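Line by line, the protein sequences give chains A and B.
Numbered by the numbering used here, the letters in the first sequence go through residues 1 to 115 in order.
Numbered by the numbering used here, the letters in the second sequence go through residues 1 to 111 in order.
Source of the hints: derived by calculation from the structure; they are not laboratory data.
Predicted model only: the values in this text are computed from it and were never measured.
Certain hints may be false.
Computed list of lysine to aspartate or glutamate pairs in DMTMM-like fashion (alpha-carbon distance at most 25 Å, straight line) [stated by the list, open to error]:
no.	chain 1	residue 1	chain 2	residue 2
1	A	K38	A	E58
2	A	K40	B	E58
3	B	K5	B	D59
4	B	K37	A	E44
5	A	K53	B	D59
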Amino acid sequence: DTEVTQTPKHLVMGMTNKKSLKCEQHMGHRAMYWYKQKAKKPPELMFVYSYEKLSINESVPSRFSPECPNSSLLNLHLHALQPEDSALYLCASSQDPLGNNQPQHFGDGTRLSIL
Amino acid sequence: DQQVKQNSPSLSVQEGRISILNCDYTNSMFDYFLWYKKYPAEGPTFLISISSIKDKNEDGRFTVFLNKSAKHLSLHIVPSQPGDSAVYFCAASQPGQNFVFGPGTRLSVLP
């Protein structure tokens with residue numbers, strides 16, 4: 001059982017749709033992350049939130065818009081995505097922000113398909 | 001430039017035997033290393049970690065070895081079980097930076 005919960009598990013959307021991915025953790029972690037993972041590749045970091053503030057944006061296109069409403073929730077708003085954005089989107093959290101020798105705990109991801 | 005390498009894309013091991021997964025890194029500033037296991041349709045699951053002040057960390061059937069001079073990390077699974085069949089990622093970090101993940105090794109444990 002994962003302690004990081006992501007919804008939905010699967011999402012199919014057209015290129016003109018607007019949708020949101022949601023992530024929730026109740027471990028009291030102060031850092032949360034969005035990753036993108038393509039088949040047979042390692043996870044690629046997209047965004048890092050530290051104490052509810054965006055601390056890292058890895059040059060992600062503006063069609064991906066993160067939001068951290070509170071310390072337990074992380075959203076990823078999607079708009080005008082491209083077929084190459086089809087991937088597994090993973091959320092993770094860690095007790096402390098980067099570089100404090102803490103593992104990140106991942107959710108099971110949202111499998112996103114862009115038609 | 002790949003800072004974390006897992007040169008074996010796949011590995012097959014007989015049930016009950018030892019599985020050894022290897023990882024090499026190039027950045028001498030890395031000071032914290034982890035192994036994750038990933039099943040299909042699930043997120044990576046944290047397995048075991050080691051900081052650079054140690055050369056070995058053990059947790060049940062899993063042991064991680066760190067050779068800093070060789071910039072080499074390995075994960076030993078003893079005894080291997082069919083449920084260990086998954087993709088294993090090693091990851092490394094330095095202070096203030098996010099993890100750098102290796103490309104993964106697919107382990108198949110044969111009954």
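Do the hints match the structure? See the list:
1. Straight-line distance between C-alpha atoms of K38 of chain A and E58 of chain A comes to about 16 Å, which keeps the hinted pair within the 25 Å bound.
2. Pair hint K40 of chain A plus E58 of chain B does not hold up; C-alpha atoms about 28 Å apart against a cutoff of 25 Å.
3. A C-alpha spacing of about 23 Å is found between K5 of chain B and D59 of chain B, which places the hinted pair at or below 25 Å, so the restraint holds.
4. Proximity of K37 of chain B to E44 of chain A is assessed by CA-CA distance (about 16 Å); at most 25 Å being required, the pair is judged to hold.
5. At roughly 35 Å between alpha-carbon atoms, K53 of chain A and D59 of chain B are farther apart than 25 Å, so this suggested pair is violated.
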